[in-house]
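Assemble chains U, W and P onto chain X, guided by the hints.
Residue numbers (our numbering), protein chains in the order written: chain X, 171 to 552; chain U, 171 to 552; chain W, 171 to 552; chain P, 171 to 552.
Fair warning: there could be bad hints in the mix.
Treat identical chains as interchangeable: a pair holds within one or across any two.
Stated by the list, open to error - Calculated lysine to any residue pairs in the SDA-like style (CA-CA distance at most 20 Å, straight line):
| # | residue 1 | residue 2 |
| --- | --- | --- |
| 1 | K354 | G327 |
| 2 | K269 | T287 |
| 3 | K363 | T287 |
| 4 | K463 | G473 |
| 5 | K269 | K391 |
| 6 | K463 | G436 |
| 7 | K176 | R223 |
| 8 | K247 | G464 |
| 9 | K463 | V175 |
| 10 | K463 | N474 |
| 11 | K521 | G251 |
| 12 | K463 | L348 |
| 13 | K391 | Q545 |
| 14 | K482 | F230 |
What the hints contain is simulated information worked out from the structure, not anything from laboratory work.
There are 4 protein chains.
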Amino acid sequence: MNAEVKPDRRLRAGIVGGGQGAFIGRVHRMAVELDGAASVVAGAMSSDPARNRASAAEWFLDRAYDSYVTMAVDEAKRADGIDFVIIATPNHLHFPVAKAFLDAGIHVVCDKPIALTVEEATALESLAAQRSLVFGLTHTYTGYPAVIEARECVRAGQVGEVRKVLVEYLQDWLMDPLESTGQKQASWRTDPKRSGESGCVADIGTHCENLLEYVTGLEIKSLCADFRTFVPGRLLDDDANILLRMNNGATGVLTCSQVACGESNGLSLRVYGSAGGLEWHQQDPNILVYKPKGQPHQRLEVGNGYMGTGAKGVTRLPSGHPEGYVEAFATLYRSIIRDIWRHRSGLPLAKDYPTAADGVRGLRFLTRAIESSRQGARWMDL
Amino acid sequence: MNAEVKPDRRLRAGIVGGGQGAFIGRVHRMAVELDGAASVVAGAMSSDPARNRASAAEWFLDRAYDSYVTMAVDEAKRADGIDFVIIATPNHLHFPVAKAFLDAGIHVVCDKPIALTVEEATALESLAAQRSLVFGLTHTYTGYPAVIEARECVRAGQVGEVRKVLVEYLQDWLMDPLESTGQKQASWRTDPKRSGESGCVADIGTHCENLLEYVTGLEIKSLCADFRTFVPGRLLDDDANILLRMNNGATGVLTCSQVACGESNGLSLRVYGSAGGLEWHQQDPNILVYKPKGQPHQRLEVGNGYMGTGAKGVTRLPSGHPEGYVEAFATLYRSIIRDIWRHRSGLPLAKDYPTAADGVRGLRFLTRAIESSRQGARWMDL
Amino acid sequence: MNAEVKPDRRLRAGIVGGGQGAFIGRVHRMAVELDGAASVVAGAMSSDPARNRASAAEWFLDRAYDSYVTMAVDEAKRADGIDFVIIATPNHLHFPVAKAFLDAGIHVVCDKPIALTVEEATALESLAAQRSLVFGLTHTYTGYPAVIEARECVRAGQVGEVRKVLVEYLQDWLMDPLESTGQKQASWRTDPKRSGESGCVADIGTHCENLLEYVTGLEIKSLCADFRTFVPGRLLDDDANILLRMNNGATGVLTCSQVACGESNGLSLRVYGSAGGLEWHQQDPNILVYKPKGQPHQRLEVGNGYMGTGAKGVTRLPSGHPEGYVEAFATLYRSIIRDIWRHRSGLPLAKDYPTAADGVRGLRFLTRAIESSRQGARWMDL
Amino acid sequence: MNAEVKPDRRLRAGIVGGGQGAFIGRVHRMAVELDGAASVVAGAMSSDPARNRASAAEWFLDRAYDSYVTMAVDEAKRADGIDFVIIATPNHLHFPVAKAFLDAGIHVVCDKPIALTVEEATALESLAAQRSLVFGLTHTYTGYPAVIEARECVRAGQVGEVRKVLVEYLQDWLMDPLESTGQKQASWRTDPKRSGESGCVADIGTHCENLLEYVTGLEIKSLCADFRTFVPGRLLDDDANILLRMNNGATGVLTCSQVACGESNGLSLRVYGSAGGLEWHQQDPNILVYKPKGQPHQRLEVGNGYMGTGAKGVTRLPSGHPEGYVEAFATLYRSIIRDIWRHRSGLPLAKDYPTAADGVRGLRFLTRAIESSRQGARWMDL
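Bound conformation, chain X alone (with noise of 0.2 Å):
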């Protein structure tokens, strides 16, 4: 924590969504209580109320309400209300609960998509700004050491001029219709009334988009996608290829699967340079690979003194004790709730964290890859 800004309690954290059987509520809980900077102490966490209850029950909540909107604006009346919420619903919910809170004055923490259209997205960010609030978006991946020190590296020079950029994100547990079995999150991550007009792409898709551009600071100027349903029956598409031009001239492919059979959680990223080359997977994300011009590959390994300083701050272990996941989504969580301490100290927000502005470019992207893919796979620009 810097100096600034001196935190002398724990932070109130609400959920809405995430209760029993969603596998991504317990995560938001692990990762936000991770640093023993806050703690979950109210939540809506279903629309369903005897789960909702026994949620809150099996998490020791303090509060549970059976309705977010009642919860927003009774959270904001209490003097021990909370600082922040955690919206972890389907895609759907994701801007009238942001919204309702918002509009109560309570800071944001909301999962990806920010929400279905560029316009409720854009809609969002102006409140937010509006009203100066914390919006956190949790494109999870950005917070682990290694893609941080990539960023680090391509920022420092030692990719040169970045030429080809490979992203992937290869997953397979759509591969047969999970959705016809009631599975509670296959079925509405295929569903267009809950998910959006696109389910693969925007739920995987989009990480890639924005890893791809955190780390090496350009954008996608232009796409050509080639969606796909692979399961007979899925409404949304399980499976895309994107071919990509970057703003710099780059080139690149995104490919991303939900029916990649044999691949639980494969997002990788390649970006090939003129002066080096870097490689990370998620699946081993403690190491990040240099290849420099020339030399021999570089295996670095997170938490060694050779570091930056970036991935040395967002490091909580010795080299060589795994930190996964959790830890990354907790990385979020602290510049988030820094970011809320700033607030509350009247200091200008630092953003150092995927914000509203990136749900905005997010909803960009994955717009124009689906007009792209149902013209055809033709080009569009972004």
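This is chains U, W and P only, laid out in the frame that chain X set:
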């Protein structure tokens, strides 16, 4: 949590040691709180009063004690006193601190080694048994799902009769005389007064012994140990190679080092039997390689449906979302907390975590290894 | 060697091109002679007479020719003339040299691409067919046992219906303007007169196409290709990203580069189907990873008893004794030599190696990719 | 080939042993002929006359002998007689065959172990020296470019003072009583009459010893060896664990097994010094990992410009084109053939390959290890 016990609140934990500057204190806090089943509320975190108070404030503890003796007595008296204590001090304090809290009727979680001598260890084992108190020992590595899977593979006969075991733990953080710089951890780890009669083997060789016996279900019957101190001026061993003979006729090698240049925390285990082989690496902890006779190697990845019930029961995230050291640690805590609830409910303890008995076993191994080495690496029975 | 044909001597080979300074000439010699079934005895190894003679002397050739035309005519007349010719020249000479030897009734083994245009390729295919001569094309990578195993896995239904294919070939040897230094290979590879209308895609993209179609048994139906020339002043593409649609409805990505910093010769293939996945990397060529649905990944290692008959038939060493590029090359030669013996025995050819037909197919792919890219990366049918 | 000697023809080799059914015979032929500098023209390939003739015919040999004694005498008399003999028989014949050819004035390349006893080994060493004949021993693994690079790293001081060495060689081909099925190789390898007093350690443990001493430039000073025979009924060891003390004060472990389920040919070496570490795995032979103190691991890949002159001098292909076991073998032959040309030119021998002296050293190691194990794994000086 099984049906018999129904927690109705988070347990309260206290901590002795682990103040600012100690890495392991923070790990204990993250691990014990990860599942939302316990909170650290009191501490005697440093023998330096100022550091103790600063550490407690940083953690937002309710109560800070200058003395662990006072803490044990006072907490035992309080209605809202701690349910268990965490001992994260240098080795020489494990015994007196554990004894103080057991005497006060408070459950104990203690870093390994449990004590400095077999006698002390046995005394603690007896004391805990007499008082029917929970005694957990933090052999963290047995908390990894893939390690639990490995044990289940052995039990299910998938490796057949074990013939050969290779276990190693290689680090390099002591390859220079770090202790002479005043670095806190290095100072006490290399100081016979605080660490005991061994450095490297006590610190990490005992993890090898524990992991090996845990996975195979075998016991080391005899050993031939060759200790070395490579860094000039150092008082304790910083490296050792040990031949093993197991109680079923299998043979093995245990090698450990804190001067193995380039190795961070390289604990790994290989087991070869008449029907299969197993391989696990702590730095890639979610993968277990199984090598069935005459068939391709299988790469078992934690989080998948094909894993055994033991591993599944301690996996928090979907496959491909890396879990790490903190989760393994938290898994020990989860079992320990469950046993504390059993104790509170008057149920028999499950002891499905490393206990004082493992501590006794570890010290017996250590003592015999020291003796073997002192006699020029002669064979010794355990 | 199968029962029908019984070789009673080593075959005699001649070589055109491949003189001192060319890496591929030596590879041909090692490969063709590896199994002791053929010897190189004659050559027109360089258009530079002095280099030609020096090269021939270094190889202890019986006969050196200054002109491949003379060589074709003279060798055809000799009782101890060559049985087949190896063409290891720059691309623009493939057609005339192949034609000359086919016209002389001599079997041909030719480096890829078979020619510069589809028309030339088709002409060679027809000519070889008319004369019933053997025509082998050195798509080396299909000679690896693990690649053959991959094809057998697909054929046996182990991956089910193929849905997605990812093939890549990344190098970095042209990341700087090496051609301006006079380096021989770089000079002709980047020269449209000697290399044809494409650089990178012609050189290595065609290996991707061949490997992909070989393993999956599918055909590329349409493509959308984005070529790039990153090195200033270069006349041909040095990088490309290509979206693919296969004739069974599968989609895919083919990416290739000769400016991917840090990559030596990174050809790799991933295939995802409804029942399993496959993964192979040329730089670790003896391993095939099979990912059966819902089961652990299997690491198939060449040389083991569980491998299929195809892979076993082309494996020369026990498992764990690495075979490499020369062996893969030699495996193509083994099949070609066997077919030459079939021809000598009046038996029908087996054509179980890349032939002129593959050359035609490769040029069709290449031509359409060039056209697609020129039109701004539009979709083209093959 | 260096400037002094100018070969004007391929050398002529003969072979004893290695007939049909023996894997190693074919490897010798591929390796010795790989660079086009020698051809196998004569042989006494089997003690079974029919198999001998069939083997010779399959290889298109000019001359087949029923007896190696006759072969030595007759070839020595011929103007076009062999320049050197390759000995690829079971171990017990190495000494008499080598002696016969040395007596006839013919250079020798012999499989390891050079003989069955230190006395025999020393006799051969003396004989070769007396006659100034070349004597090469096929410790193949020192022919890998990455192994040569490793030695250069040590010599250049890049690892500093060596402290710890870990060498292992794990196979599983004898994990069942294969010898009882009549399998040729298993039969003699487990037969004391043909293999000598040790099985596993003689066969592969000696490769460990040779590799270790080759790379580090150190000598094993004393050892403590624990041999085992795990397969019931087997007469020789099939597994061993050996503690090592090196002549510079370093310590080490050598472990080898032919019953390590799932391991094909797992020879690997790790060296740890005061300034760096090295790691090499035979099954991924073109990679050497260098671990400089305080810096990221470097992955040195054979074929790149940054490799040392030693490795470069024995690399045949561009980086990323895998070379394997045959090339390593051929590299030994290349040095041996060069020395035969030196001998023919009256120049002093370079002996830059394993020689009879290494054979003597290996037998000394083996003899002491056997003795140590027989005495219950006591320390023995070499």
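From the Cα coordinates, with 20 Å as the cut-off, is the pair K463 and N474 best called within, between, both, or neither?
between (23 Å within a copy, 11 Å between copies)
K391 and Q545: within-copy, between-copy, both or neither at 20 Å Cα
Both, since 18 Å and 18 Å are each at most 20 Å.
At most 20 Å between CA atoms: does that hold for K269 and K391 within a copy, between copies, both, or neither?
neither (30 Å within a copy, 48 Å between copies)
Could you place K363 and T287 in one of the four classes (within, between, both, neither) given a Cα distance threshold of 20 Å?
within (13 Å within a copy, 52 Å between copies)
Alpha-carbon proximity context of K269 and T287, limit 20 Å:
within (14 Å within a copy, 62 Å between copies)
Since the copies are identical, ignore which copy is meant and state whether K354 and G327 lie within 20 Å (CA to CA) inside a copy, between copies, both or neither.
Answer is neither: 45 Å inside a copy and 32 Å across each miss the 20 Å cutoff.
From the Cα coordinates, with 20 Å as the cut-off, is the pair K247 and G464 best called within, between, both, or neither?
neither (63 Å within a copy, 50 Å between copies)
Checking an output row: K463 and L348, CA cutoff 20 Å. Within, between, both or neither?
between (46 Å within a copy, 14 Å between copies)
Is it within, between, both or neither when you check K482 against F230 at 20 Å Cα-Cα?
Neither: 34 Å inside a copy, 24 Å across copies.
Is it within, between, both or neither when you check K463 against V175 at 20 Å Cα-Cα?
Neither. Shortest intra-copy (43 Å) and inter-copy (38 Å) distances fail the 20 Å Cα cut-off.
One pair to classify: K463 and G436, alpha carbons no more than 20 Å apart. Within, between, both, or neither?
between (27 Å within a copy, 16 Å between copies)
Which holds for K176 with R223 at a C-alpha limit of 20 Å: within a copy, between copies, both or neither?
between (35 Å within a copy, 16 Å between copies)
Comparing the model with each numbered hint stated earlier shows that hints 1, 5, 8, 9, 11, 14 do not hold.
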